[in-house]
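Using the sequences and the hints given, assemble the complete structure.
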Amino acid sequence: MYINPRRGPGHGVAWSLLAAVLALLATFARMAVALAVTVAVAYAVAYAMYRSRRVEAAALPVIDVLQSVPILGFFPLALYVFLALFPAVGAELAAVFLIFTSMAWNIILGVYQSFKTLPREYVEYVQLYLGEGLGVAHVYVPVALRSVYYNILISWANAFFFITASEVITLGTEIKLFGIGSFVVSAFERGDYSSAYIGIAVGILANLALYAFLLRRLVEEVPQPPASVLERFSAWVKYGLYAVLGGAALLLAGVAYYAFQTPPSAPLVEDLLRGFMHSVFSAPLTLTRVLAVLGVSAAIGLLVLAAVVKMPRLEVGVLVALSALSSIPAVFLYPLIASFVKGEILALALLFPGSVIYTVFNLLVARRDVPLEFVKAYGIGGLTYYLHVLIPAALPYLVTGLLTAWGGAWNASVVAEPLADVAGLGTYMDTATTRGDVAGLLASVTVMTLIVVAVNKTVWQRLYDVAARWRS
Amino acid sequence: MALLEAEKIKKSYSRVAVFDDLYLAVEQGEFVALLGPSGCGKSTLLRMFAGLEKPDAGVVKFRDIPITGPRREIALMFQSPTLLPWKTALDNVALPLVARGMSWREAREAAMRYLAFVGLSGFEEAYPSQLSGGMQQRVALARALAVEPEVLLLDEPFSALDPLTAESLRTELVRLWHDNLTTVHTLVMVTHSVDEAVYVASRVVVLSPRPAKVVADIKIEMPYPRNRKSPEFQRYLDLVYSHI
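Heads up: the sequence lines are chains A and B, in that order. Heads up: the first sequence runs through residues 1 to 472, numbered per the working numbering. Heads up: the second sequence runs through residues 1 to 244, numbered per the working numbering.
Calculated directly from the structure, the hints in this document are not laboratory data. Fair warning: this is a prediction, and the values are worked out from it, not measured in the lab. Quick reminder that beta carbons are idealized off the backbone N, C-alpha and C, glycines included.
Footprint (simulated), chain B over chain A, 3 or more residues, beta carbon under 8 Å:
(1) 117 to 124
(2) 135 to 145
Using C-beta positions, here's what the derived DEER-type ranges look like:
(3) S208/B x V466/A: 36 to 44 Å
(4) V466/A x Q28/B: 50 to 58 Å
(5) V466/A x G119/B: 45 to 53 Å
Have a look at this one:
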C-alpha cells in the first residue's frame with residue numbers, strides 16, 4: 001500500500017511530517033522483523049556449522065558468495081516467489097527478505113566465529129555439567145551475543161543504506177511499499193522537495209536516536225535475555241537448520257518453477273551476452289572508484305590508529321563518532337552532499353562512509369598489538385616506526401577491514417552510482433532493474449559477484465595468510 | 001576391583017603416540033597426583049576418566065563399567081575457573097544442578113550451601129569479573145562439589161593462581177578430602193609441581209615423555225596436614241625428583 005501525502009494548502013509541513021513519521025515506523029517495523037529473522041537464522045546456521053564439519057564445509061562457501069551478491073541480485077527471487085506464493089502480502093515479505101539479505105551474512109559469520117573461538121574448557125564444561133540443551137541456552141547463545149549486538153549496529157546501517165532499494169521494488173513493474181525510503185523517493189519524483197527533506201531529516205534523527213538509546217547500550221552493556229527465553233530458544237538453535245534449509249529449498253523451487261514456465265528462448269541468450277559485455281566494460285569504472293575509496297580509507301584508518309596509539313583517550317571519541325556516522329544513512333545525506341559536489345566526487349563521497357567505518361572499526365582493535373613499551377624503550381620513531389611496527393601490527397586487522405569494505409563498496413555502488421549519475425557497473429545494474437531487463441540484471445550481478453569473490457579468494461586471502469603468520 | 005582403571009590404552013594425535021599400552025588403576029579413597037613432563041598426556045588421561053575423550057584402543061573403566069561419556073559420579077575441575085561471566089556466582093554453581101533435574105529454587109539453595117562451604121558466603125550475587133582469581137577458582141570448586149560426585153578430577157587447578165592463594169586452596173582441598181566433608185572420596189590431580197604432589201597426595205604417579213609409561217608409583221605415607229620442613233617430606237621430594 002502506498003500513501004501519497006498530497007500537500008493541502010496551509011498544512012503541508014505538518015502533513016509531511018506526520019506521513020514521514022508513519023513511513024519511518026513502517027520501515028523500522030519491517031527492519032525489526034528482518035533482524036529477528038536474521039538473528040534466528042544466524043544462530044541455527046552457525047550452530048549447525050559448528051557441530052558438523054560437513055555442514056561447515058558446505059555452508060561457508062555459500063555464505064561467502066551470498067554476502068558478495070548485491071541486494072538487487074536477490075530481486076527476481078524475492079519478487080517472483082513471494083508474490084506467487086502469497087499474493088496478498090507477497091510484496092511485504094519480499095521487502096523483508098531483501099532487507100534480510102543486506103543484514104544477515106556478517107551476523108551469521110560473527111556467531112559462527114564466537115562458537116569456533118569458544119575455549120575448549122567451556123566446551124568440556126557443557127559436556128560434563130550441562131548437556132546440549134542447557135549448554136546452548138546458557139553458554140552458546142550468550143557467548144555470541146556480544147558479536148550479535150556489535151554486528152546489529154553494522155547490519156542496521158547497511159540495511160538502511162539499501163532501504164530505498166528494498167521498498168521500491170522495481171523489475172519492469174514498480175511496487176512501492178509504504179516506508180521512509182519510498183516516501184523520500186516519491187517526494188523527489190513529484191518535485192516536492194520540502195517533503196523529501198522532512199523525510200530525510202526524520203530518517204537521520206530516528207537512526208541517531210535509535211543508536212543513542214538502544215544500539216549503543218546493546219554494545220556497551222551486552223544485556224542477557226532471561227533464562228526462560230534462552231531455554232525456549234535453544235530448541236530452535238539445535239534444530240532450526242532444517243527449517244532454514246526448507247525455506248531456502250522452497251524459494252529455489254519457486255524460482256525453478258518460474259524459469260520452467262518461461263523457458264529461455266534465443267533472444268534471452270542474446271540478451272545475456274549483451275548484458276555480460278556491458279557489465280565487463282562498465283566494471284573498470286566501478287573498480288577504480290572502489291579502489292580509490294579503499295585506499296583513502298586505509299590511509300585514514302592507519303592515521304587514526306597511530307593517533308589512538310599515541311593518545312589512548314582518543315579511542316572513545318573515535319568510537320562514538322564512527323557509531324554516529326554509521327547510524328546516518330549515507331543515501332540520506334546525498335541531497336546535502338549533492339549541493340556541494342556532483343558526479344564523480346559525489347559517487348566517491350557516497351561510497352566513502354561505509355568503507356571508512358569498516359576499516360577504522362577493525363583497525364582500532366590493532367591497538368593492543370602495537371608493542372608500545374618496546375617502541376618507547378628503544379626509541380623507535382619516524383618512518384621506521386610506521387614501516388616496521390605500526391603497519392605490520394595493523395596488517396591482519398587492516399586486511400579484515402578492507403576485505404569487508406571491498407565487498408561493501410561494490411554493493412554500495414549500485415546505490416551510489418545512479419544517485420551521482422555516473423557510468424559504471426552499479427548504474428548498469430540499476431538501469432537493468434528499472435527496465436525489467438532480467439538478463440542484464442543477472443549478467444551484472446554475476447559479474448559483480450565474481451569480481452568480489454575472486455579478489456577475496458586471491459588477493460585478500462593471501463594477504464590475510466601473510467599477516468596471520470606473525471599474529472599470535 | 002579398582003575404582004578407576006585405564007587398561008592397555010593407546011592414543012595418537014596425528015601419528016604421534018601419546019599412550020601405547022598404558023595401565024593405571026586408582027583405588028577408592030586415594031588422592032593421586034599425576035606428574036610428568038609437558039605434553040606427556042596427563043591431561044588426556046584425566047579427560048578419558050572424565051568421559052570427554054576416548055582411547056583409540058583399550059578401555060577406561062569406573063567400577064568395572066566402561067566409561068563411554070561423562071558420568072554423574074565423576075566431576076572435573078579445570079585449570080581456569082571456566083565460569084559463565086553473565087551469571088552470578090550462585091547461578092554458576094546452581095546451573096549444573098538444574099541440568100541434573102533440580103528446580104532453580106532447590107538448585108540455588110544447594111548452591112548457597114556449597115558457596116558457604118568454600119568460604120564465599122556473601123558473594124552469591126557477585127559476577128565472576130567482580131571476584132579475584134582465587135575466589136573464582138573457589139566458585140569453580142563449589143560448582144564441582146555441588147553436583148555431589150564421588151570422584152573429583154583436577155587439571156592443574158592451582159597453577160594459574162598466586163602462590164599464597166594456591167596454598168590456602170590446596171590446604172582446604174586436602175582437608176575436605178581427608179576429613180570426609182563432602183561426597184568426594186577419591187581425587188586425581190594433574191600437576192607440574194613435585195612439591196604440590198608430595199604435599200597433597202596419598203600416591204604420586206610419575207609418567208614418562210611420549211608415549212607415556214608409568215615410571216614411578218610412590219605411596220606417600222605421611223600424616224596430614226603435612227609439614228614441609230620435616231626430613232620425611234624432604235626424602236619424598238628427593239625420591240620423586242629422582243624419577244623425573
